[in-house]
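Engineer: Read off the chains here:
2 protein chains.
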Amino acid sequence: MSNEETNALGYPKLACSTPVPSDIEVSQQIVKEVGLLPIRDVGRQVGLTDDEVIPWGIAKAKVSLAARENRKDVPDGNYVVVTGINPTPLGEGKSTTTIGLAQALGAILGKKTIACIRQPSQGPTFGIKGGAAGGGYAQVVPMEEFNLHLTGDIHAITAANNLLAAAIDTRMFHEASQSDEALFRRLCPAGKGFSKVQKKRLDKLEIPYEGRSPEDFTAEEKSRFARLDLDPDTITWQRVVDTCDRHLRNVVVGMGAKETVKSKEKEGERVQHNRTSGFDITVASEVMAALALAKSLHDLREKLGAMVVGFSRKGEPVTADDLGCGGALTVLMKDAIMPTLMQTVERTPVLVHAGPFANIATGNSSVVADEIALKLVGPDGFCVTEAGFGADIGMEKFFNIKCRYSGLKPKAAVIVATVRALKMHGGGPPVSAGRPLQKEYTEENIELLRKGCANLQKHIENAKKFGVNVVVAVNKFKTDTDAEIEVVKEAAMAAGAFDAVLSNHWALGGAGAADLASAVDKACKENDESNFKFLYNLDTSIKEKIETISKEIYGADGVDYTELANQQIENYEKNGYGSLPICIAKTQYSFSCDPAAKGVPTGHRITVREIRSCAGAGFVYPICGDIMTIPGLPTRPGFYDVDIDTETGDVIGLF
Amino acid sequence: MSNEETNALGYPKLACSTPVPSDIEVSQQIVKEVGLLPIRDVGRQVGLTDDEVIPWGIAKAKVSLAARENRKDVPDGNYVVVTGINPTPLGEGKSTTTIGLAQALGAILGKKTIACIRQPSQGPTFGIKGGAAGGGYAQVVPMEEFNLHLTGDIHAITAANNLLAAAIDTRMFHEASQSDEALFRRLCPAGKGFSKVQKKRLDKLEIPYEGRSPEDFTAEEKSRFARLDLDPDTITWQRVVDTCDRHLRNVVVGMGAKETVKSKEKEGERVQHNRTSGFDITVASEVMAALALAKSLHDLREKLGAMVVGFSRKGEPVTADDLGCGGALTVLMKDAIMPTLMQTVERTPVLVHAGPFANIATGNSSVVADEIALKLVGPDGFCVTEAGFGADIGMEKFFNIKCRYSGLKPKAAVIVATVRALKMHGGGPPVSAGRPLQKEYTEENIELLRKGCANLQKHIENAKKFGVNVVVAVNKFKTDTDAEIEVVKEAAMAAGAFDAVLSNHWALGGAGAADLASAVDKACKENDESNFKFLYNLDTSIKEKIETISKEIYGADGVDYTELANQQIENYEKNGYGSLPICIAKTQYSFSCDPAAKGVPTGHRITVREIRSCAGAGFVYPICGDIMTIPGLPTRPGFYDVDIDTETGDVIGLF
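Respectively, the protein sequence lines represent chains A and B.
Counting in our numbering, the first sequence runs from 1109 upward without gaps.
Counting in our numbering, the second sequence runs from 1109 upward without gaps.
Calculated directly from the structure, the hints in this document are not laboratory data.
From a predicted model like this one, the values you see are computed outputs, not experimental measurements.
Be careful, since some hints might not be right.
Output of the computed footprint for chain A on chain B, the stretches with three or more beta carbons under 8 Å from beta carbons of chain A [said to hold, decoys possible]: (1) 1122-1129; (2) 1257-1264; (3) 1280-1290; (4) 1313-1319; (5) 1344-1358.
Don't be surprised by glycine CBs; every beta carbon is placed ideally from N, CA and C.
With the hints as extra help, turn the sequences into a complete structure.
Structural biologist: This is the structure:
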């Protein structure tokens, strides 16, 4: 085969159709006409041995963490984060750019490159948003395998999260109906000894147990061990589903005829053992965050066991390990800790791990996936990782939380911008899914665009605060004019970007992102890692940290707290959680808490409605403004278009 | 290697330790000391090609349905169902016998044999019951891979079931707040045409759409199409979790500040859009039943689309397809329809598919798994399939529902009995998990045992009503005496068993079940398939069918119905669901609805509390007595013992 017909990896060059078919059509075209590389061969490209790759379904595999240990002495590759401006509800192609850039670096420039992206939530897959596999000729394939179940990590998180939830309500129920003595006898049956997780609690309570049998315990020791005495008003642990189900946002649980306990007020009467609670979408679970931030199986075990579900009536934190769950949760997550290997349309490797939704979660792929990727690509290669939604949330969390825990130093940040979104920030009419775009977006409009560039400029300034080189990727839409592209580039350079480059990977694959790849390569080479810094120090108070993020990143005047939030902060600091980093839940559509406030809002304040402890995962989680931790479905959800050809097995209508 | 050292398949003979270690220790010992066969090699034993086997995680693979199509002309193997007497809460080793028998037929007698078992629910895995992988030296390995997640089928069911649940509440919410016109406009946006699932509904409503665009519809057509007008009181669709969570049995959903609609009574006021509902355990979902009974992907698509969630205020059934969901549900289930291949401790093949809980579900493995197995083993081989819990529920459903849909004719039924459970039926003290057995069970007690054998005899008589040969397997416990074993065998033969055999597979693997295997082989050879018959005809009424099962199988005097159940039956029959088979939800601990009524209760009546339609899966589902469709957790759940060795990754304490 001549050089004209093969790319830098020796595979057939990507043949792109015009107009670009739907995402699923592109994916099925690649699978059927070009063919996938066997997944172990994808691994071999970056030196993975067969032992390190466990095939796991159709064109997917798990990568053992041994892949990292086995390359302990290999210097890390170049670490590049891809983030974006505040998007429209249609999304501005951040995942697509991540994949396109990786295709360009790998298949066009011939550099060892791994894209690290997040597993999509199935909620929006059947709801309103597009997939998360990228799009057009910059995608992970087969896209239906990527978008559905993947290798089950999110399902494992649902299972773990909800096991803990069941343990909470059941324990409260049993404590409400049993004496200390009976509780203890059941928890520690004579002759059985103490289990590993029970010893953890005994250690925490400083109750000696070596050489003692349960019967030797004093009444006071039995009570302290067995009665968690959870205060229901302090419980922040929610159940989860990976479905957009607004009716589960707030529910009353425990309404069954058998979920009753003896009344404390009226003798002989029974009262319902119910409680107002709620469901989050699975990707917002602390278990997901623990997975994303864990450095090892051991670290994951510790994180999961340390998760605080609420406080006892005496004000002591109650953890998953206190409920006896930490080991079981880790066992449920033992496969999930391995990233999933897939491939792009140009057969370059992709690691998929952890979850999206930087608005209500950390929204970054995992520390271990990035670490594995950096070792596999080596010093001349690239790990391109994605930080979700707008840079104000996804990138801020990437630097301040993820990089702090991993110790990894990124060399460049790519900020994805589109003419469409910038026009919206400049005052264009609202953009919403399912409705045609107005003419401001389909025709040249320099004035709106110029105004809107302020949003991009603020994100560039924010990124530079962390001391990395910033490359702006203008993700090309076919209606963009040359003059419009120029405006964006100029604005980016004026705000201090290292470079600003047009990229057309959606239509052309890696070839369309070759300039972007060269710019990123140069930005990494010329970056001085010693400039890298965090935005805040951990030893400042929770409120100081929230204020720093709000003022420095969101451009807010200040922060207001509800009474509940104030109480929670006081409680968390009293219990030693004050020195954790901050993961703010906030709308992705604006720097402020108001999704309608486009451009660069000023004079606004951030309202902290409540704060949940994510002490296990390693942060505190303020919920700001009106943000929902589980989305709903529109009147005509995406599932209306999804079906299967029962003859061929082909999925149809999935984006 | 000499013949002394290898079994009939040429593998090293099983070396069994005494005393038998815990299940997980046996499993890990096999994996580490003997080694697993690569999963594709397990498939090759029964002729599976590499194309037909998709590796799916650690020592697991999915088997493509093409494996059945590719062998269309191969005659079926011998079809053997394993069932049991009414068990104690400790379980009597039905899964263990299924696996042990398959090991004996395969590894000892050298006949091509596949065991078909069900995927365990993770709820009880972390709750109270043991695993479902078998036990001792008759297990599927690695047992932790079997018991946790498997290949994600149950998670897929949870996702599908809950997507439909979200669609129901969301649709009611949108219908409560939008005019017919607005609803229709959103459901059928101008220029988008009708999706496949929408055309199904238009066909059902006999509204022509070819050549018409949405705007052409009359107001009446728009209303009929867009307004499902679900009557909330008729909704039988529940949400599911695969967790034992009693507080989800009854919940109120829709309690959030945004889940409000305009009041119909008071202008200007908003009322909560809430509803009392509940969760079932996932394995009780109709989606699981549809998976278990589907013959093909096409059949699954039709079944899922036809699932009835409730009725309109006019009394018309509302289906998943009416809600636009049938295609998406099938897409979520596209991998789940493939059975999972694993191996026993003696390296013989096992297909794992569909779900357990014959008390609250069909509780049988899938039609497609059995069909694939029967083709793979061919006319001289064996498919040993398991029907859950007591034969009164699991076996009855196996014959009357599963075999009716598959058209397959079993040649023999194996009924598993234990001296322990028979003593309980004879009046022995209660047996419960976590408490030591009383002396009646650990010492010889012929009298109790003799009385208890009536339970076994009734099950034998029941099985013979279907016209198959019955082999009783006395599952050996180390405290059983020879005299006791003799009593059971005699009682079995007196009741018309073809044979009754002691089996010691738990301690000895296949070698311990060699006699049982020979008896089963003989029973199949001497069975006359033309004797096979169902217990009831489909064209009798719902009540007649319930009565037939209750009288013939449960030995009840008659059946009582609540008013709700009467209404529901009337409604189902009116809508054409009267000719479906019946899947009764009832305690597994007794022939009656009272779990405490041991032996062979007489004079009892069956109370039908409510009936759910499972019109999609293909049965109606009466819920009898006090049975719960989601279990709870005990004070000290199994998860207390489960942990992970974070150095080696070994799971510990899982049974």
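Engineer: Does each hint hold? Answer for all of them.
Structural biologist: Do the hints match the structure? See the list:
no. : hint      : in the structure
1   : 1122-1129 : violated (count 0)
2   : 1257-1264 : holds (count 5)
3   : 1280-1290 : holds (count 3)
4   : 1313-1319 : violated (count 0)
5   : 1344-1358 : holds (count 11)
In summary, the structure is inconsistent with hints 1 and 4 from the numbered list given earlier, while agreeing with the others.
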